[in-house]
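J.: Take a look at the letters that make up each chain.
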Amino acid sequence: MTTTEMMTLKTEPFMLNFGPVHPSTHGVYRMRATLDGEVILDIEPVVGYLHRGIEKLTEERTYSGIIPLTDRLDYISPMSNNLGYCLAVEKLAGIKVPERAEYLRVIIAELQRLANHCIAVGSFLNDTGAYYTPFMYAFREREKIIDLFDMVCGQRLTYSYMRIGGVSQDIPDEFLPALNKLVEQLSRWVDEYDFLLMQNEILLARTKGVGILPRETAINCGISGPVARGSGVNWDLRKADPYSVYDRFEFDIPQGENGDCYDRYRVRVEEMRQSLRIIKQAMNDVPAGPVRADVPHLIRPPKGEAYAHVEAPKGELGYYLVSDNSIAPYRCHIRPTSLINLTALREMVKGWKVADLIAIFGSIDITMGEVDR
Amino acid sequence: MTVALSGKDIAGQLEEKFPGSIEETGQECVVVKSDSLLAVAEYLKNTGSLAFDYFNYVTAVDYYSYFEVVYQLASIKHNHSFVIKTRCYDRENPTVPSVIGLWQGANFQEREIYDLMGIKFEGHPNLKRLFLWEGFQGHPLRKDYLQ
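Chain order of the listed sequences is A and B. Going letter by letter, the first sequence gives residues 1 to 373 in our numbering. Going letter by letter, the second sequence gives residues 374 to 520 in our numbering.
By construction, these hints were calculated from the structure, which means they are not laboratory data. There may be inaccurate statements among the hints.
With a straight-line cut-off of 30 Å between C-alpha atoms, the simulated DSS-like cross-links for lysine-lysine are [claimed, not checked]:
#	chain 1	residue 1	chain 2	residue 2
1	B	Lys501	A	Lys353
2	B	Lys381	A	Lys96
3	A	Lys56	A	Lys91
4	B	Lys390	B	Lys450
5	A	Lys91	B	Lys450
6	A	Lys56	B	Lys493
7	A	Lys56	B	Lys516
8	B	Lys458	A	Lys239
9	A	Lys208	B	Lys450
10	B	Lys493	B	Lys390
11	A	Lys56	B	Lys406
Output of the computed footprint for chain B on chain A, the stretches with three or more beta carbons under 8 Å from beta carbons of chain B [to be verified]:
#	segment
12	220-226
13	309-322
14	327-336
The following residues of chain A were derived to be distant from chain B, with all beta-carbon distances above 12 Å [to be verified]:
#	residue
15	Pro68
16	Asn180
17	Leu204
18	Glu270
19	Arg300
20	Lys350
Where is the CB? At the ideal position from N, CA and C, for every residue including glycine.
Modelling step: build the complete structure from the supplied sequences, incorporating the hints.
T.: Structural data, given as structure tokens:
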């Protein structure tokens with residue numbers, strides 16, 4: 001048999017299940033992959049293993065009683081989920097948030113972005129074969145951020161710190177000095193890991209030019225967050241549609257050029273630097289004053305609807321609320337960043353090998369709690 | 374700042390282009406008839422001054438007498454946003470056209486609505502339940518759903 005004849009030989013298409021329980025799927029996610037030898041012909045995502053019906057549950061709870069449910073959406077970054085929901089209720093009910101609370105919200109939300117990107121970058125490196133060493137280092141840094149969250153609200157995972165009209169309680173006296181110290185440490189840490197990993201031959205070979213998401217496809221699929229910015233879409237809600245007090249701070253929006261796994265990874269590392277920049281500006285001029293507006297426990301927003309969105313670490317997270325002037329929302333729809341970011345996965349992995357599927361999937365950074373709700 | 378376009382302006386444009394397509398005009402939204410939804414959506418996406426290239430989300434609300442399907446659109450080029458809505462009055466067999474041909478981002482979201490609200494999207498290439506299993510009875514997000 002000649003070489004050309006061998007090249008044209010095809011194997012029988014073969015169906016392989018990834019997940020629902022698989023170390024690379026970051027939760028209970030299943031991909032039904034059709035393979036030709038080692039090459040991916042098609043994948044079909046199968047979701048719903050973690051569906052808890054959160055949107056239905058919201059219809060039976062008071063407006064403030066929904067905040068703990070939002071913690072359980074993207075459980076890697078609950079603070080951002082809390083913030084998005086509170087902004088939507090405040091928009092619906094016309095509540096004004098005190099200045100001090102706005103600054104605390106920005107600081108906490110940016111810390112949350114750092115914590116999320118620690119996991120995103122760590123687990124991505126895990127998926128590309130740097131098994132568990134960078135992951136554990138990233139977790140070590142995340143732990144310090146979690147300690148600060150513990151200090152402000154007494155929780156380590158499901159915070160419910162953001163409340164309608166502000167935050168649940170003021171920061172303790174030791175918070176700002178501890179934050180100052182942490183920001184210094186994290187700046188050094190980001191530089192150190194950047195230096196160690198950016199020059200790594202194996203990482204470059206596994207990520208450069210792999211899983212390219214073109215700019216037009218990214219926009220058409222409604223992709224947001226670091227995945228969209230990795231493809232060169234200049235779209236960050238903190239700049240495009242500033243909420244809270246983000247318009248008072250200086251920061252850049254990192255963007256990629258090629259839209260490959262490397263660019264998405266790069267954007268996240270750069271975003272960590274920008275988050276630190278925002279925190280440094282914000283913590284120096286936190287104004288004095290109350291941290292919560294005078295909001296009754298049972299809110300009855302006027303009849304109507306509102307949509308508010310935040311730039312969560314994974315992308316645009318939005319809440320669409322419909323009120324019928326009762327104490328519970330008539331309807332609460334959550335725009336799930338992770339689910340929508342998965343739309344483009346099929347296009348991104350076609351023609352790549354199985355090992356690349358793991359890397360490409362890891363570079364999107366999803367949480368199943370948010371996909372399934 | 375993303376500018377929410379006024380419903381009146383867009384409704385005027387649409388009324389001129391597609392007479393009789395508007396059912397109701399809100400402050401920052403229009404309600405269009407479901408049979409002209411696709412034409413309106415295409416117009417909003419492909420007109421240079423509007424250029425709604427980004428599809429934020431689609432969802433549905435059950436108002437007992439009708440289902441309302443809500444599409445939030447944005448334009449990355451012009452940084453403005455707009456909401457179009459459409460209504461289905463048929464409770465037994467609610468159907469709206471799928472916009473997946475215009476915005477791929479609607480793919481999973483339309484499947485989710487089909488799953489939880491029971492609205493069929495005509496023209497969707499793979500319309501099956503997203504979260505719940507095949508064979509599940511009923512659509513839990515409907516207001517009259519009883520467990």
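J.: Work down the list of hints and note, for each, if the structure agrees.
T.: Hints versus structure:
no. : hint                : verdict
1   : B:Lys501 / A:Lys353 : holds, 28 Å
2   : B:Lys381 / A:Lys96  : holds, 28 Å
3   : A:Lys56 / A:Lys91   : holds, 21 Å
4   : B:Lys390 / B:Lys450 : holds, 23 Å
5   : A:Lys91 / B:Lys450  : holds, 25 Å
6   : A:Lys56 / B:Lys493  : holds, 20 Å
7   : A:Lys56 / B:Lys516  : holds, 9 Å
8   : B:Lys458 / A:Lys239 : holds, 27 Å
9   : A:Lys208 / B:Lys450 : holds, 28 Å
10  : B:Lys493 / B:Lys390 : holds, 27 Å
11  : A:Lys56 / B:Lys406  : holds, 27 Å
12  : 220-226             : holds (count 4)
13  : 309-322             : holds (count 5)
14  : 327-336             : holds (count 4)
15  : Pro68               : holds, 21 Å
16  : Asn180              : holds, 32 Å
17  : Leu204              : holds, 30 Å
18  : Glu270              : holds, 20 Å
19  : Arg300              : holds, 19 Å
20  : Lys350              : holds, 14 Å
The structure fails none of the hints (numbered hints given earlier).
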